[in-house]
Each structure stands twice: as C-alpha cells, then as structure tokens.
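Each chain, letter by letter, is given below.
Protein chains: 2
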Amino acid sequence: MLSERQRMILNAIIDDYIRSAEPVGSRSISKRGDVIFSPATIRNEMADLEEMGLLEQPHTSAGRIPSIKGYRYYVDHLVTLDGVGDQDARKLRTFFAEKMNHWEGVIGHAATILSQLTNYTSIVLGPEMFSTTLKHFQLIPINDVSAVAIIVANTGHVEHRTISIPDGISMDDMGKIVNLLNEKLTGVPFYKVKSVLHSEIAKELSRYVEQCEDILTLLEQTITEEQEPKVFFSGASNMLTQPEFKDVDKAKNILGMLEETQLLMQLFQSNPTGIQVKIGTENTLEAINQCSLITATYSYEGQSLGTIGILGPTRMEYGKVISLLNFLSKDIALMMSRWYK
Amino acid sequence: MLSERQRMILNAIIDDYIRSAEPVGSRSISKRGDVIFSPATIRNEMADLEEMGLLEQPHTSAGRIPSIKGYRYYVDHLVTLDGVGDQDARKLRTFFAEKMNHWEGVIGHAATILSQLTNYTSIVLGPEMFSTTLKHFQLIPINDVSAVAIIVANTGHVEHRTISIPDGISMDDMGKIVNLLNEKLTGVPFYKVKSVLHSEIAKELSRYVEQCEDILTLLEQTITEEQEPKVFFSGASNMLTQPEFKDVDKAKNILGMLEETQLLMQLFQSNPTGIQVKIGTENTLEAINQCSLITATYSYEGQSLGTIGILGPTRMEYGKVISLLNFLSKDIALMMSRWYK
DNA sequence: ATTAGCACTCGACGAAAAGGAGTGCTAACG
DNA sequence: CGTTAGCACTCCTTTTCGTCGAGTGCTAAT
Numbered sequence: 090m091l092s093e094r095q096r097m098i099l100n101a102i103i104d105d106y107i108r109s110a111e112p113v114g115s116r117s118i119s120k121r122g123d124v125i126f127s128p129a130t131i132r133n134e135m136a137d138l139e140e141m142g143l144l145e146q147p148h149t150s151a152g153r154i155p156s157i158k159g160y161r162y163y164v165d166h167l168v169t170l171d172g173v174g175d176q177d178a179r180k181l182r183t184f185f186a187e188k189m190n191h192w193e194g195v196i197g198h199a200a201t202i203l204s205q206l207t208n209y210t211s212i213v214l215g216p217e218m219f220s221t222t223l224k225h226f227q228l229i230p231i232n233d234v235s236a237v238a239i240i241v242a243n244t245g246h247v248e249h250r251t252i253s254i255p256d257g258i259s260m261d262d263m264g265k266i267v268n269l270l271n272e273k274l275t276g277v278p279f280y281k282v283k284s285v286l287h288s289e290i291a292k293e294l295s296r297y298v299e300q301c302e303d304i305l306t307l308l309e310q311t312i313t314e315e316q317e318p319k320v321f322f323s324g325a326s327n328m329l330t331q332p333e334f335k336d337v338d339k340a341k342n343i344l345g346m347l348e349e350t351q352l353l354m355q356l357f358q359s360n361p362t363g364i365q366v367k368i369g370t371e372n373t374l375e376a377i378n379q380c381s382l383i384t385a386t387y388s389y390e391g392q393s394l395g396t397i398g399i400l401g402p403t404r405m406e407y408g409k410v411i412s413l414l415n416f417l418s419k420d421i422a423l424m425m426s427r428w429y430k
Numbered sequence: 090m091l092s093e094r095q096r097m098i099l100n101a102i103i104d105d106y107i108r109s110a111e112p113v114g115s116r117s118i119s120k121r122g123d124v125i126f127s128p129a130t131i132r133n134e135m136a137d138l139e140e141m142g143l144l145e146q147p148h149t150s151a152g153r154i155p156s157i158k159g160y161r162y163y164v165d166h167l168v169t170l171d172g173v174g175d176q177d178a179r180k181l182r183t184f185f186a187e188k189m190n191h192w193e194g195v196i197g198h199a200a201t202i203l204s205q206l207t208n209y210t211s212i213v214l215g216p217e218m219f220s221t222t223l224k225h226f227q228l229i230p231i232n233d234v235s236a237v238a239i240i241v242a243n244t245g246h247v248e249h250r251t252i253s254i255p256d257g258i259s260m261d262d263m264g265k266i267v268n269l270l271n272e273k274l275t276g277v278p279f280y281k282v283k284s285v286l287h288s289e290i291a292k293e294l295s296r297y298v299e300q301c302e303d304i305l306t307l308l309e310q311t312i313t314e315e316q317e318p319k320v321f322f323s324g325a326s327n328m329l330t331q332p333e334f335k336d337v338d339k340a341k342n343i344l345g346m347l348e349e350t351q352l353l354m355q356l357f358q359s360n361p362t363g364i365q366v367k368i369g370t371e372n373t374l375e376a377i378n379q380c381s382l383i384t385a386t387y388s389y390e391g392q393s394l395g396t397i398g399i400l401g402p403t404r405m406e407y408g409k410v411i412s413l414l415n416f417l418s419k420d421i422a423l424m425m426s427r428w429y430k
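Quick note, the sequences are listed as chains A and B, same order.
Going by my numbering, the first sequence opens with residue 90, and the numbers climb by one from there.
Going by my numbering, the second sequence opens with residue 90, and the numbers climb by one from there.
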C-alpha cells in the first residue's frame, strides 16, 4: 500500500526518532543520505503518511513522530534485525557458561543481563508447574509439629512449603504416606494430581491411617496449591533513563505497576509461542500505554519454561531487542539440552 | 545541653519539615500552638540551633531545615514513638493470620506490607544459613545425568540446586551416600559441614565408592556453596513520591543501587540486634546519602532470621517507622512460636 | 513529479519584573 | 534581662514578555 519511497521515509523517521526521542523534521531526513529527495518532497510524503495515521505531529510547527500504527508497520514490515553484536554475544555466552544450579537463578540472571544489554526493563515469568509432571514428593519433619513438604518436578523445578503435622500421625505413618504418594504420583502431570489423589490414593490411604480425610485435604492443598506466580523484573531504573519518563509521575505509574505481581501477570496473559511485540495502547494495561513490550516464550521439548519480556518506551530499539531475544531463546534451549546431556 | 525550649523548637521544626518537606520559618512554628513564643524569640533560638549544627539554612532568606546532626538528636532524644495505628495493626495481624507456607513468602510479604504502610521502600535480607544446622539432605535424580540436591535447615529453610551426576555412580551408590550424609551431618551447623565432610565422611565414603574424591568435592560445593544472598526490596516506586526525589537523576541513583544486590548487601554489613537508624551520610553508600535507613533484625531462639530495613528520605517519619518495625518484630517472633507451637 | 521560496506557526529560551516568605538587627517593653 | 514589635533587606519563585528558530504548508517555477 505504501510506495517504496514512503517506506524509506517512514523507516528513516522512525530510526531517527528512536535515536533522538525528538520530532523528526523533513530537513534532517533529507540530510541523512539514505533518502535522496529534497525536504519539500519529503514533507509532502510526510503529510500523506500522517493522513494514513502512521505519523503524528505534536504541534503545528514541529517535526513528525511515529504513531502506534506507524510503529506497528515498522515492526511488521520495515525493521531490520541488527543481529547480536560480538560483545553482547560474548556476554551472553559467558553468562551461560557459568554454572547455574537452579532455575530461578538462570532465569533471574538472564533477566538481569538482558536489562543491562538493552538498557530497558526486563520482566520474567517463571515456568508454570501446570505443564510439568511430578517427579518426587518428600516430607521432612522439622520438629514435633511441623514438616517441610518438598515437591520436585521433572524439569528439576523444586517447590517447598512448611505444613503442620495433624495430631495423631506418627513418623511411621508419614513414611507410608510418602511412599504411597511417590508410588502413585510419580510421572503424573500436575494438573491431574488432584483427581489421582481422590480416585486412587484415597482408598489406599484409608487402610493405613484413620483420619484420612484430613490428611487428604492437607496433601491436596500442599501439592496442588496454586504456587505463587514467579514473576519478577530487573532493570526498572533503566526506565528513568528514557527522556519520555523524565516526568516523575509517569515513571512512578510504571514502576508502581511493575511492583504489583497481579498486574504483571496480566501482561503475559496471552502467551503464544515465539516472539510477540505489543506497542503502546496495544497493551491492555493503561499504565504502560506509552511503552512497548516484547515477549518471548521459552520451551524445551514442548514444555513451556517461561516467558521473558523487555519493556521499554514505544520508541524502543525493536531490531536490537528482537534479535537479542531470539538469540537468547536459542541459547537457553541449547543450554538446557547440554544440561540434560 | 539544649534548653527545654530549644528542644521544643527543634522538635517542632523537624516535625513540620517531615510533614511539609519545606524549610520551616519562625512564624509557622509560633502559630503551631505548642511553642508559645513569638517568632522573634524563636528566630533567636533558631540561630543558636544553627550555630550548634542542628539546623541549616538553604539560603539566607529561607526557613530552616534539620541537618543530619539535627535528625540524629531528634532520633536519639526527641522522637515520640507514635505506636501503631489500629488500621495498621489490623493489617499486620490479618497478614500473619494468612497461612504462610515458606520463609521467602513470609519475609517477602512482610516487606510488601511494610512498604505499603509506610510509603517508603523496604529492603529485606533473608535468613543466613550460616547460623542454622542441617536437618536433612536429599538427592533426587531427574534423569540419567542430573539430580536435584535438596538441603533442609532446622529452621525449615530449604535450598536446592541441580547437579550433574558423575559417571560411574549408580542409584545404589547415591542412596548410600545420602544415607551416610544424613547420618553424619544431621544437626551439624552449616559452618562446620565442610570440616565434618573431610574428617568423618571422607573415610567412610571411600569404602562404598571408588572415585570418592570427585564426589566429595561435588558434595562440598553443593552443600557449602555460598548460597546467593537473598536480598530484595519492595515499594521502590514509593521513592518517587518523595519531593526530594522529583529530580529523576537522584531517583535513578537510588533505584539503581537497589537493583545491585552487592551494594544492597553492604547496607546490612553491620548487623547489631534490634533497631538501628542510619541517617543520611551516616550511610557509607553514597547513593543514599540523602536517605535514612532504619533496620531491624529478627531472631527466633537466638537464631538470626534476617534483617528488614525501611529506606526513606532523611526527612522520614522516624517515630512511625520505628514503632512499626518494633511491632512487626514482636509479631514475627510470636508467629514463629505459634508456627512451631 | 520535483523542488525552491516564502510566509506563518508555535514551542523553547532568557531576561526582566513582580511577589513574598523569611531573616537579622535594633529598639522598646515589662 | 529576657522577650517582642518593627523594619529594612535578601533571595528565591513565579510571571510576563519578547526573541529566536526549527519546521511546516502552500505556491509557483523547473
């Protein structure tokens, strides 16, 4: 729909604006060198692009800035994936070379590094247990009345909770229960655990122990309890670097949102595999209507391991960030397979 | 050293300044009602207080603001502990009434609540394993080459890491090793684990398994590896509410510091029991030279469980925060004892 | 179709002026 | 002698106003 020239101009304007954060005028485009037309011509095209809704004018005598629609077109048709710079690649590689001994660590550090490399904020959603299967269950008494329940998933993910031991349960009973659970539940996907508990385990349990009702509900709570969503962020202070958030109130809105786990979860509601870009008001959350969010999901052998997102101003370096996320997602898969040989 | 009147005036000035964040003039003090002298008299006293270094003047024709020394005097001699309001108390109580099933949860939520109640930023340092004893050790194979090692402390604290299984170790061997470790290490304080591993376990181990060297170092790494310091913060966006940080650069400095775990640890270096107040430049970290940090340590039965700190502008509500931390620390102890009956 | 030229718009920047809160000092008062 | 009223002075803050200049849209020439 756009002429070649219009696309070049749009590309040039967005490129410039991403760098400068200031409205781009026809003259400066003309002087860039990659569009060899006079300012007047460019002005005409700019007026057309504005009419199409791809550009906007802050006020009459200012240059143009891209609209949401403009960014969308840019991301869909124009952006060039810069590839990942040598330095960045090295940094990521050395990061994965370090020994990482648990999941939270890997994902957390990945987030930190990403926010450092991009100077944006990274948001990370941990793996959902929902899609994994149970590998091992263990109860470890701490004292007479409480015990630690440990749940290991086949991905190596570990959850633990402290529970209080119901009266009248002996160590012996507990051992039996644990054995029974491991026998019956190992390999069962978490979303089925609840039903298996009721169908298969309830009967067996009643043979050993008396008040099996109580124990059953306790176990059910313990194992299937909605694990707290593991969502966190890194590099929030980078937001303050962006000139669009030099106004403290805007910044506060965004930082405030980052701190509300509930809201943060909403960001990742729709979770298609691969890389997704949400620009400005395309995000349902009002707080980040001036931001863009680029997300990537990671999976290993079909199991979703989590989502990582980069949050920046709408004027963000889409090319760079998309490349980086691509690179990283491949590297994570690589590392996983090496980890599990 | 200060006359009663001077103390009243100092107190009034600091109170006012904490509320308004603006230099306090003699007139406004006189009109407050609690100091029944004329502005002129108050001015004279203010000049004296400034000479003593307790007050400062931003410029000639402005009111006075407290100096670091002034705040220090206020905290040491003047501040009235407001007690905890009914609402706040209820909020804290209902918080602890919720079932909390692991440590990270309790401390983390406590931090969130505190930052909400105070409108400052709270920083939390998790329990140090150093001072706890080992309760249970477990190895759970995930697949042929990797296993999850789980370490439970007597406090109910759980650590886990993924390790790769050395070649030539059978399931059987692993079982033996785990049994041996539990037998020898249960009840041993973590800081002694290393030496016990070498002295007692090395020999025994060599009976069962051949390449005991490898395994020993692996175990040593696994168990004694410096666990990542669990330090995190909550309510950072509250900082942006404070007028002293309406300048984005100052805010960025502080937020940036909060995100660097290393630096954050430094804040808690000196860790006396009880409540400690560090005002402005009394903090060694330059980034928070315009902030005050109030910290409280929590222990249960002599074991330090962690530290929680409230970070705000030097102009912070010392009375309120100190009261709250006091209240909370007692409540945590209470909850602990209820938890462990 | 492209471009040079030109009048026009409108925010940014800076100087100057007005306003006002607060001080320090002096002198008067009980 | 301690306290207070009065007053000149300081200096920050806010407002106003004029200038500047980047950038536009339009028209006419190429």
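Be a bit skeptical, because a hint or two may be false.
If chains are identical, the list can't say which one is meant, so a pair holds when it fits in one copy or spans any two.
[As the list claims (entries may be wrong)] The list that follows gives simulated cross-link-like pairs (lysine-lysine, DSSO-like), each with its CA atoms no further than 30 Å apart: (1) Lys339 to Lys180; (2) Lys319 to Lys341; (3) Lys120 to Lys281; (4) Lys319 to Lys180; (5) Lys319 to Lys283.
Don't read these hints as lab results, they were simulated from the structure.
Here's how the hints hold up against the structure:
1. For the identical chains of this complex, Lys339 and Lys180 are inter-copy neighbours only, at 29 Å across copies versus 32 Å inside a copy, given an alpha-carbon limit of 30 Å.
2. For the homomeric pair Lys319 and Lys341, the shortest alpha-carbon distances inside one copy (23 Å) and between copies (26 Å) are both at most 30 Å.
3. Proximity of Lys120 and Lys281 under a CA criterion of 30 Å is satisfied in neither setting, with 64 Å inside one chain copy and 70 Å between copies.
4. Taking the shortest Cα distances, Lys319 and Lys180 sit within 30 Å of each other both inside one copy (25 Å) and across copies (24 Å).
5. Taking CA atoms no more than 30 Å apart as the test, Lys319 paired with Lys283 passes inside one copy only; the shortest distance there is 22 Å, against 32 Å between copies.
The structure is inconsistent with hint 3 alone, although it conforms to all the rest.
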